[in-house]
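Q: Chains as they are written, first to last, in our numbering: chain A, 1 to 263; chain B, 1 to 391; chain C, 1 to 335.
Keep in mind the hints are simulated off the structure, nothing from the lab.
Misleading hints may appear alongside valid ones.
Pairs of lysine to any residue residues, derived as SDA-like cross-links and limited to a Cα-Cα distance of at most 25 Å, are as follows [as the list claims (entries may be wrong)]: (1) K154/C with A225/A; (2) K257/A with E216/C; (3) K334/C with N254/A; (4) K270/C with D2/A; (5) K197/A with E8/B; (6) K333/C with T32/A; (7) K190/A with E330/B; (8) K22/B with K333/C; (9) K43/B with K251/A; (10) K179/A with K97/C; (11) K381/B with K350/B; (12) K144/A with Q40/C; (13) K168/A with D2/A; (14) K168/A with S256/C; (15) K121/B with R194/A; (16) K68/C with E189/C; (17) K145/A with I373/B; (18) K168/A with H18/C; (19) K334/C with K168/A; (20) K97/C with V43/C; (21) K144/A with D255/C; (22) K173/C with A153/C; (23) K145/A with I205/C; (24) K200/C with T152/A; (25) K236/A with K251/A; (26) K234/C with K154/C; (27) K78/C with V164/A; (28) K49/A with S119/B; (29) K236/A with K97/C; (30) K145/A with M201/C; (31) K350/B with K121/B; (32) K251/A with Q241/C; (33) K234/C with F192/C; (34) K303/C with E8/B; (35) K251/A with Q40/C; (36) K196/A with Y3/B; (37) K22/B with A285/C; (38) K278/B with E330/B; (39) K49/A with G60/B.
The chain contents come next:
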Amino acid sequence: MDIVVCVKQVPDTTDIKVDPETGTLKRETAGTTMNPFDMYAVEEGLRLKEKLGGKVTVVTMGPPMAKEMLKIAIAMGVDEAVLLSDRALAGSDTWATSYAVAQMCKKLGYNMILFGKQAIDGDTAQVGPSVAEYLDIPCVTWVKKVREVSETEITVERMMEDGVDVVKATLPVALTVVKEINEPRLESLKGKMRAKKYEVPTWSLADVNGDPAMVGLKNSPTRVAKSWSPERKFGKAEMIDGADAAEKADKVFNRVKDLGFIK
Amino acid sequence: MNYFFTDEEQMIIETSREIAQKKIKPVREHYDAEGIFPWDMVKEMANAGLCGLYIPEEYGGMSPKGSKGIMQLVLATEEMSKVCGGIALSNAASALGTFPILLGATEAQKKKYLPDVASGKKLAAFGLTEAGAGSDAGAMRTTAVKKGNKYILNGTKQWITNGFEAETYTVFAMTDKSKGARGCSCFIVEKGTPGFTFGKKENKMGIRASATTELIFQDCEVPEENLVGGKEGTGFIIAVGTLNHSRPGVAAQALGIAAGALDESLAYARQREQFGQKISGFQAVQHMLAIMAVEVEAARSLVYAVSRSVDAGATDFAKDSAFCKYYASEVAMKVTTNAVQIFGGYGYMKEYPVEKMMRDAKITQIYEGTSQIQLNEIAAKLIKESAQKKK
Amino acid sequence: MAEFNKADFKGVWIVAEHRHGVLHNVSYELLGKGREIADQLKVELAAVLMGDGITPLASQLVAAGADKVYVVDNPMLKYFDDEAYAGVLAQLAEQFKPEIIWTGATAVGRAFFPRVSIKLNAGLTADCTAFELDFEKRDIMQIRPAFGGNLMAKIVTPERRPQMSTARYKVFKALAMDANRKGEIVKPEIKFDSIKVRAKMTDFIQELETTINIAEADVIVSGGRGVGSGDNFKIIRDLAQAINGAVGASRAAVDSGWVPYSHQVGQTGKTVSPKLYIACGISGAIQHMAGMQGSDVILAINKDAEAPIFSIAKLGIVGDLFEIVPALTERIKKG
């Protein structure tokens with residue numbers, strides 16, 4: 001079983017600080033890390049390999065510094081990691097990114113491609129199904145459990161708003177996984193030692209036979225016309241005081257009632 | 001203080017810290033309250049590769065070539081003990097049970113038993129203490145009588161850490177009572193061997209996540225190939241060697257508990273307000289914190305120095321080993337007691353972790369040789385060394 | 001890519017979503033917004049309805065504002081299978097060339113729209129919370145939050161058509177249903193044999209816990225680390241029940257195993273925007289606030305007067321949640 005896990009480098013949210021004056025995100029304080037949802041995809045890849053044998057390769061597209069993020073996956077125990085890095089890719093939207101990632105998967109060969117459900121920076125959840133479409137393979141999103149898997153078929157549970165869909169798909173297949181699917185393992189000591197020495201191969205767009213007319217800012221269908229920090233209602237809450245809990249509860253009840261929430 | 005850790009040591013610290021913070025910390029209160037064995041945490045340690053730090057690579061471990069890996073074991077034990085001395089002990093006690101094999105076993109025995117301990121698949125336990133033979137190991141009553149190609153073990157071991165949970169036990173028994181200490185031998189006994197059962201699980205003051213039971217041998221037949229080293233009468237030497245090697249590990253547990261209590265105290269003092277200011281602003285508290293920090297660092301320096309010396313091949317280190325075990329455990333008790341004091345009334349409550357740390361610290365002054373026994377050994381060595389110098 | 005002219009694409013489409021035979025509210029909401037944009041552009045507003053035995057629902061889409069409903073009623077569409085839905089929608093779009101296609105940013109919409117956007121070489125913008133029209137260029141400005149709500153972006157699709165988006169629910173207003181509205185119901189031809197379906201839904205398991213889906217709730221009562229244990233969550237559930245709301249939780253509470261993940265509000269959980277959000281024992285980590293700051297009114301109950309949650313709350317109570325929450329529950333029950 002050849003398993004490819006697609007991951008993304010994102011700002012480390014545990015590092016994110018908010019400017020108390022403006023209530024905006026202080027981007028410069030943020031380090032980078034692997035998108036947390038992708039950790040679940042890496043873990044699931046490792047578990048599937050433990051069950052079925054084969055190889056797990058982690059891939060990303062990004063700047064050269066993304067190599068360090070790929071080493072997290074090496075330390076967790078994946079076999080190989082590859083970075084796709086090319087100036088031509090800068091500014092790609094999800095449509096263009098998916099094309100490039102699909103080209104990468106084609107070059108690697110795969111039976112299964114795993115994604116985290118979405119990245120915590122863009123929040124689009126579009127790259128997984130889009131890569132599947134480029135590769136003309138089925139895709140199951142929001143996978144919370146792999147029920148059964150063989151060399152040719154997989155049955156999974158898809159998490160919907162109102163419950164769980166059971167979905168059966170043929171391989172090769174793409175899956176996007178949610179947090180409930182597993183608990184990612186920690187980096188092992190042996191993995192860390194391997195990661196320290198591991199040289200992440202870097203591919204260019206040409207290395208994956210990518211068409212320059214399909215990627216980059218210029219060729220992306222969507223453009224960011226403007227971005228801004230949302231106005232936050234930063235300030236001080238109206239504090240409800242009272243002699244005891246009952247009095248506070250009574251006051252807040254009346255305020256909430258005035259606002260029309262309690263009929 | 002900068003101890004100039006190697007890359008590998010740094011990775012051990014980071015790996016252990018991550019397990020401690022992400023896995024152990026959220027469950028330590030639960031395991032302490034329930035007094036159950038933390039198998040899921042052992043699994044985390046095993047997956048992370050922390051179970052074979054002191055076992056040579058050829059047996060599946062990670063101890064660096066030309067080193068005994070004591071420093072590696074110490075670093076992992078310290079980091080995990082910062083969060084829970086009881087849970088960290090599962091691995092440290094397994095090391096204690098494994099040292100007799102590392103120090104005295106035949107190649108075949110090592111090949112058979114070490115890889116599973118190194119991978120964390122199995123835990124080991126050390127069976128020396130008896131009801132009437134604690135610090136006085138010479139009073140041992142468990143016997144092993146040779147019968148054909150087997151030894152028949154009879155007797156009861158008491159307060160055995162990892163008892164019942166471990167698969168591999170190194171058990172000491174008298175093969176020839178008339179020879180005294182020279183009549184003691186060490187055996188590897190596997191869980192499940194007929195005639196080998198477990199007594200009651202002790203209900204302890206601290207390290208409650210750790211399992212402590214009796215090992216009961218009633219006509220237990222152990223194959224002769226499980227006699228450690230293949231030679232009778234080497235048990236006492238193996239036991240003493242084991243304790244000399246394992247004491248830095250106990251010291252690291254004590255050090256970790258103390259360091260954890262110091263961290264908690266600092267965080268609390270910076271947050272707790274009384275008389276309109278943070279209590280970290282009061283000199284009375286500042287001095288307590290400063291003294292705690294000095295003591296923790298002194299203990300750390302001693303533990304690391306002894307561990308590195310042992311790893312580098314020091315031969316006569318019984319006194320050094322006693323130094324660090326004695327000092328670190330005394331510091332642990334003192335620092336955790338002061339941590340509870342800094343927390344005040346909250347420190348006495350189970351909602352905060354320092355009362356547990358204080359309970360956990362106490363055992364480090366008792367097991368693997370009480371503080372008094374450490375002092376006896378140190379004094380005896382000092383006097384002997386002094387006498388030798390005069391010659 | 002084939003030569004194409006922006007002007008060849010006309011009309012606003014809303015892809016209706018239904019689960020288990022019921023139309024999703026977001027479809028009505030999008031018809032409301034779609035009506036406004038279609039009127040400005042002076043084009044038709046159409047709904048696309050795909051499923052098996054769903055034809056009777058078409059009239060409701062007309063009543064909600066659609067001029068036309070494209071109905072594809074086929075057993076192959078009985079369950080939501082991404083490839084089937086994507087294949088049908090792509091065929092329709094290629095045939096009728098709308099300039100805008102929207103659907104709800106639901107588990108369904110967000111799963112199959114990306115596939116359609118690749119098939120159509122169209123741009124896709126996820127999870128929009130507002131649409132503005134650039135009338136001159138006939139471009140729709142798609143406004144969406146990113147970074148868990150810490151950043152807003154205005155996305156435009158200048159050169160391609162259709163302009164596809166998924167849109168968040170509970171942001172747009174549905175029109176009043178008008179049963180007298182006239183609309184055309186068409187059943188276009190679809191080449192089903194050209195659609196491969198290799199991932200098939202075989203079963204559905206309703207979530208056992210009968211809590212209101214927090215993403216749709218008008219009132220959410222959330223508990224955090226301060227609640228202390230799974231057992232203590234009872235007081236949160238009691239308040240939620242009394243006020244007819246859903247139970248939410250912070251990541252700390254979920255990670256401690258007190259509440260299932262489906263209740264998690266925040267960057268790695270669900271983003272919610274209820275009318276009233278009651279945060280109990282939640283200090284207000286940035287990741288949590290990212291998921292609930294869009295709430296109309298936030299009431300925070302916390303023992304720490306300095307907790308960051310008070311900086312975004314409208315109403316605050318400093319005190320022991322174990323006293324205040326039950327007292328509030330009692331007070332609400334008294335009416």
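Q: Evaluate each hint against the coordinates.
A: How the hints compare with the structure:
no. : hint               : in the structure
1   : K154/C with A225/A : holds (5 Å)
2   : K257/A with E216/C : holds (21 Å)
3   : K334/C with N254/A : holds (12 Å)
4   : K270/C with D2/A   : violated (32 Å)
5   : K197/A with E8/B   : holds (12 Å)
6   : K333/C with T32/A  : violated (48 Å)
7   : K190/A with E330/B : violated (35 Å)
8   : K22/B with K333/C  : violated (41 Å)
9   : K43/B with K251/A  : violated (52 Å)
10  : K179/A with K97/C  : violated (38 Å)
11  : K381/B with K350/B : violated (42 Å)
12  : K144/A with Q40/C  : violated (43 Å)
13  : K168/A with D2/A   : holds (19 Å)
14  : K168/A with S256/C : violated (32 Å)
15  : K121/B with R194/A : holds (22 Å)
16  : K68/C with E189/C  : holds (16 Å)
17  : K145/A with I373/B : violated (56 Å)
18  : K168/A with H18/C  : holds (21 Å)
19  : K334/C with K168/A : violated (51 Å)
20  : K97/C with V43/C   : holds (12 Å)
21  : K144/A with D255/C : holds (16 Å)
22  : K173/C with A153/C : holds (22 Å)
23  : K145/A with I205/C : holds (13 Å)
24  : K200/C with T152/A : holds (14 Å)
25  : K236/A with K251/A : holds (18 Å)
26  : K234/C with K154/C : violated (42 Å)
27  : K78/C with V164/A  : holds (16 Å)
28  : K49/A with S119/B  : holds (19 Å)
29  : K236/A with K97/C  : violated (51 Å)
30  : K145/A with M201/C : holds (14 Å)
31  : K350/B with K121/B : violated (33 Å)
32  : K251/A with Q241/C : holds (20 Å)
33  : K234/C with F192/C : violated (51 Å)
34  : K303/C with E8/B   : violated (44 Å)
35  : K251/A with Q40/C  : violated (47 Å)
36  : K196/A with Y3/B   : holds (21 Å)
37  : K22/B with A285/C  : holds (18 Å)
38  : K278/B with E330/B : violated (29 Å)
39  : K49/A with G60/B   : holds (22 Å)
Hints 4, 6, 7, 8, 9, 10, 11, 12, 14, 17, 19, 26, 29, 31, 33, 34, 35 and 38 from the earlier list are contradicted by this structure; the remaining hints agree with it.
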